[in-house]
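Please build the complex by placing chains B, C and D on the supplied structure of chain A, with the hints as guidance.
Listed below, chain by chain, are the residues.
Number of protein chains: 4
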Amino acid sequence: MNVFETTESEVRSYCRSWPVVFDRAVGAHLYDESGREYLDFFAGAGALNYGHNNPVLKQAVIDYMMADGVTHSLDMNTVAKRDFLETFRDVALAPRELDYKVMFPGPAGANAVEAALKLARKITGRQSVINFTNAFHGMTLGALSVTGNSMKRGGAGVPLVHATPMPYDNYLDGRVEDFLWFERLLGDSGSGLNEPAAVIVETVQGEGGINAARPEWLRGLAELCERHGMLLIVDDVQMGCGRTGPFFSFEQAGITPDIVCLSKSIGGMGLPLALTLLRPELDVWEPGEHNGTFRGINPAFVASTAALREYWTDDTLEKSTLAKGEQVGRTLTDLAEEHDLKAKGRGLARGLQFADGETADAVCRAAFERGLLLETAGPDGEVAKLMPPLTITDDEITHGLAVFAESVRAVVGKGTA
Amino acid sequence: MNVFETTESEVRSYCRSWPVVFDRAVGAHLYDESGREYLDFFAGAGALNYGHNNPVLKQAVIDYMMADGVTHSLDMNTVAKRDFLETFRDVALAPRELDYKVMFPGPAGANAVEAALKLARKITGRQSVINFTNAFHGMTLGALSVTGNSMKRGGAGVPLVHATPMPYDNYLDGRVEDFLWFERLLGDSGSGLNEPAAVIVETVQGEGGINAARPEWLRGLAELCERHGMLLIVDDVQMGCGRTGPFFSFEQAGITPDIVCLSKSIGGMGLPLALTLLRPELDVWEPGEHNGTFRGINPAFVASTAALREYWTDDTLEKSTLAKGEQVGRTLTDLAEEHDLKAKGRGLARGLQFADGETADAVCRAAFERGLLLETAGPDGEVAKLMPPLTITDDEITHGLAVFAESVRAVVGKGTA
Amino acid sequence: MNVFETTESEVRSYCRSWPVVFDRAVGAHLYDESGREYLDFFAGAGALNYGHNNPVLKQAVIDYMMADGVTHSLDMNTVAKRDFLETFRDVALAPRELDYKVMFPGPAGANAVEAALKLARKITGRQSVINFTNAFHGMTLGALSVTGNSMKRGGAGVPLVHATPMPYDNYLDGRVEDFLWFERLLGDSGSGLNEPAAVIVETVQGEGGINAARPEWLRGLAELCERHGMLLIVDDVQMGCGRTGPFFSFEQAGITPDIVCLSKSIGGMGLPLALTLLRPELDVWEPGEHNGTFRGINPAFVASTAALREYWTDDTLEKSTLAKGEQVGRTLTDLAEEHDLKAKGRGLARGLQFADGETADAVCRAAFERGLLLETAGPDGEVAKLMPPLTITDDEITHGLAVFAESVRAVVGKGTA
Amino acid sequence: MNVFETTESEVRSYCRSWPVVFDRAVGAHLYDESGREYLDFFAGAGALNYGHNNPVLKQAVIDYMMADGVTHSLDMNTVAKRDFLETFRDVALAPRELDYKVMFPGPAGANAVEAALKLARKITGRQSVINFTNAFHGMTLGALSVTGNSMKRGGAGVPLVHATPMPYDNYLDGRVEDFLWFERLLGDSGSGLNEPAAVIVETVQGEGGINAARPEWLRGLAELCERHGMLLIVDDVQMGCGRTGPFFSFEQAGITPDIVCLSKSIGGMGLPLALTLLRPELDVWEPGEHNGTFRGINPAFVASTAALREYWTDDTLEKSTLAKGEQVGRTLTDLAEEHDLKAKGRGLARGLQFADGETADAVCRAAFERGLLLETAGPDGEVAKLMPPLTITDDEITHGLAVFAESVRAVVGKGTA
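Protein chains in written order, with the UniProt record's numbering: chain A, 1 to 417; chain B, 1 to 417; chain C, 1 to 417; chain D, 1 to 417.
Pulled out of the complex, with its shape left as it was, chain A reads as follows:
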């Protein structure tokens, strides 16, 4: 038995799917210690939108460290934090006419969610929050209470309360008018629904199975929130930073959430960083009312600033993502038609839904054997999830899709294609 088996907790999971030891990584590729190459359609679960060891970002971080820049600073002011805030304001917010205040809630997406929920409750004086079926928002107790997965919820060991699930877009296969149930509950003083402080939503549910909400559904939700005095929180932890094309995933719908949670790829090269963005009038925090040690990881600021400057001062990346997304989408649609499956997703967040989790798992294993990394998602793990780095080359994505198609056919299409 190796040290992973003897010493690491049984809770480990990804290493079970990919039983090799990775060593180096560049762009869209990982290399295990034997030197074998893997094409990465996983991208750190969305934390590596700019690829592994992106040279621009990496060089910026190394330069910063070589110059003995402050590494760890909590919420002290640093030059690196100032550069980040100015760049984020000028590149990510101002061009989109967003005037959010920026909060550093801790290193990870769950921290951004915890802070968003706290603030929504503080502002409204209400405890209850609406989440959606198959939502995923994190593993800390507040974030877990608005997460759908029953196995993960069971891990809490206490009843998870203060959240009520509503049907996500198309959850009932189009058989029910959008928000019919939700709005009826809100409008009926006898419905028994605790008055919600906020609604928390992902525009595309990643862990939930690459479920992409339609723009009109998101607009309907935003209007419902406004009509009923509920704050709208968009959890853009996985779908932000360009995953669906534009920097924020909600841009396509033309909505402006009250609060936005950002993490994963904001840290630039997979370094921990999270942001909670607030409409200025919601910034009613007391100094220090929410804090934490790892809120000022300056290498992450530096990498993030470099990424914003490199990729978000024009629309090259956005257009490329949309084009590649279309390419992936076409392949998946073809495969879906070929094998009676379901193609899902938007931008470079794509999925192919199989009959069950076992099949999807088998496809991912087949892909791994062929040097392609991808994971499953969905309540039963029934969706193969294709999330390459946005910076993947055309050749790489074409190759990856070919390997994926071959893997699908090897598992479900024996003799059919």
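These are computed hints drawn from the structure, not numbers from a lab. Predicted model, so just to flag it, every value in this text is computed and none were measured. Backbone N, C-alpha and C define an ideal beta-carbon position, used for all residues, glycine too. Zero decoy hints are in this set.
Ranges of calculated distance between the beta carbons of each label pair, as one might list FRET restraints: (1) Arg175/B / Asp63/A: 55 to 65 Å; (2) Glu86/B / Ala355/A: 38 to 48 Å; (3) Ile62/C / Arg309/D: 18 to 28 Å; (4) Glu286/A / Glu369/B: 18 to 28 Å; (5) Glu216/C / Glu223/A: 28 to 38 Å; (6) Ala94/A / Glu97/B: 54 to 64 Å; (7) Pro287/B / Met66/A: 35 to 45 Å; (8) Pro287/B / Glu223/A: 34 to 44 Å; (9) Thr393/C / Gly154/A: 57 to 67 Å; (10) Arg96/C / Arg214/D: 55 to 65 Å; (11) Arg214/D / Glu369/B: 52 to 62 Å; (12) Met1/C / His228/A: 35 to 45 Å.
Simulated crosslink set (DSS-like; lysine-lysine; CA at most 30 Å straight-line): (13) Lys58/A / Lys319/A; (14) Lys319/C / Lys58/C; (15) Lys122/C / Lys122/B; (16) Lys58/A / Lys58/B.
Same frame as chain A, but now just chains B, C and D:
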């Protein structure tokens, strides 16, 4: 107004005490952008035990990055994770006859606490946890529920339940026998105390005001836990990694907790990393039952491995910490006698308690004006907290103590010394 | 100011609608202290199904008291309790092929609900319960958590958790297939619905606005519960004891709930008594695990036994109730057509829904002025509720309906009829 | 098997201790169906302070029923309710300079507690309540959450939160200063104690083992509540109505609670009635915000009014209770000295504490065999509880004490006396 004021949330706090913009940092010193030097008795709230940009650690990280080592890997297996696990086992665990399983619960201390609480509840089937007066365990909902600070608790916006506070060591000034109340409640089926899954404790309360529990109190607590089937969780996030002398702060008491939470300085140079250590028989997690994106930050593994090898393969650092701690302690005792104050702490976690928070604040401001950084702690911020990097030199610590003494006298000792 | 205004709490309500002081009552009539007569279409909110001071019941109680029968006995065995249990078994249960165990949970309907919820949670080890929109189950904290009315919920002062509302029959105006949403949530491990211990339902929602579930909906619910291992609790507190015709309101649907809550009219002449009926295999209580002082009010046993013997050994009352119910229903349907209103209900639980609560209130005031007592129900009090004693005479009901029709026309039908 | 065994739930308990079927009862005596006589030192768990079928009360109720007085009226105004309110105000409140508003919260003590807790939370906007070790306040979810007994708490099936137990008077055997812990928690913003809305206390804990708080402890508690803005709720359900001598049990301490819960003997002859008494400025209820069907049981009003007039217009009963209480106390003290036991209690709420529950049970069984009814109390049922009707005659009490002493000696004193 600068970008911090216009764009960062009002929740920011440290930057309010130290209104400069820091740029570089080496060892025990920070430098602001004007080049002014500050001696650091704060050490990233305990995350920088080995100093800023420690050359050994820094070089290891830069080398790793230059070689395109995998940066971000969730819980995939990597060479860097293997090196870390083997080193941690061989250097931190085995010599102390500890056989903990290692869980990577997320990037920060609060994640380690959330995972510990989940596991304790899962194992025992009970929901309730005992915490202590003036405990600090983090800001996420689970961790916050066992934290004492009422302002931070109020930020939750939901009632924080499932935790009952017990008196920390010496909380009632020695007027009550240790554990009299706690044990009476446990032994009485009519007491109304929900049966606890676990007890969570800091051996020295950092945020709570540098309250150091006596070894015999900790032993009494461990025995109580054993007698009543409660798991003992030591939150060593701030006091571990040598802050009190030995690697684990509980070594001095000779106890073996069931679960240990580690973070802050384990990441080596202020990089986010957290561990939940479990007795092997408690490792009943399902794969993936608790997960998260930022559980495999390989630069943190690399820095941590380097730190373990550099500082923990012999007892040089431990002895040095104890010696410097003694030196700080003597200075504080003298100041306490001189001004009728109270010296507190153990190892290099030390504090001086003033009459109120305003006085302590004034002392810290006076120190800042003299180029010394330190923060306050305690329920009313009445304790000035002295936590220099463990690697501080003798000259630096002597100088810092002189500046501190001068600051104290400037505020409380006018005309007396 | 009288003593009610000076000394009784502002929480009082019925006395505000009917500002007289009642003195005597016989059958379907109350008399105020000036001797004015009122026809009672309210029947103690369902507690007086056999009318006021029913001579058979009254004589039995007086005889019992004159003989110094034990009045108050908790759950000691008494002759009166034995008579009641034997009669209830032989008259109410056995002929319907029901073998429920009988629990005395306390004096009121809320106690029956509290006990039912406790037991369902104990048996299943789950905390969550499904209730329905516009449900009413009582004012104690457990019962209130499954009640819909937001004003009453707000009175709790703590978040009411562990319950999730589902749409009651026809809540979405027939636009959504029965149980589509509920079943989807149950079948999806990622839905975020905490696994329910039980479903609690009223077959006709009294306080909720005289909403009568269709038999096929109730059967669908019972099948859903069976398929998903949820206990089915029917709260028959208001609709039991013949209010809808048969003794139990669920008989018409042909279902057998796992747990039944009974109170109100079971006490025979408005005396406090409540029952929780359990399928025998669910009777896993420890002795005394749920108890209470007022579980053995023997005058209530005596009245209840007399009522069972007088009214439930043949189907005379049931048939009469159904016939009178038809008569009320026809009148309401005519009024509804005449004034574009909505007739609701089943058996002798009937209602007429107006445009809003103000109109319904005005109708009830107009009726009161004409000597007819009835209250409003529904989330906005928009339904006038007609619930006369089941023992009302034909002449009385005909007269009451005429007064009601006149009151309706006086308020909403000016010039139209 | 009889009908109790075949048909009544396993939750039944008193009938297990006294396996006979009671038939009639007069004064301090019960008679089983074979005609055997039992002297009652149990008094309906405090609901029968004026004895069984007290002729004055019984006649009043029979007269009322014979005249067709309204039996059941919710919170409608009735002549009987007016008589009760006026009498209660004039006899119970005014002479004690109390100006409480009277709320009818439902039929039982638990309803009075539920309403008190709701109101305290509504007024303060806080959720948390302080209860005491070994408290008993009822079985509904709100009342149960402030009750100590772990078996009964376990029956809830959900975690009971929002309450924190504090040590009752003498809980730590006088080794700790009164309120040292409680006051320290309240004064420390870092203690982790959720700010309490209220403190709920029994002046003598009945179910908890006849623990009588000292007047100075109650005064200290009242002062503490005032200093810290917590409402003081006295649960006088078991100890009120003269059980300890004066009408309210808190009179001896000279305190005026903010809210008082009354039930059990207020209904006069064991009929269900409960009151929540509020300081007038706390009467912020909305009409109907708390309600319930069984809040207007007029026979209970009638019996209660008769009892107030018969027993509380002078101090005869109070003096008699105190004198009889002294007599019982002397006997218990003698027995305690004789057998190294502990005598407990105040007024006619008395107890004798044995080594364990088995011994106390054996004593109660021995008494039952000798025709004396008494139950056990305390966390382990280790206290034999002597609570005769206050109207017991001198001969009866002398006889009962002799039987009790004989029973004690038969069990614990073999050969010693």
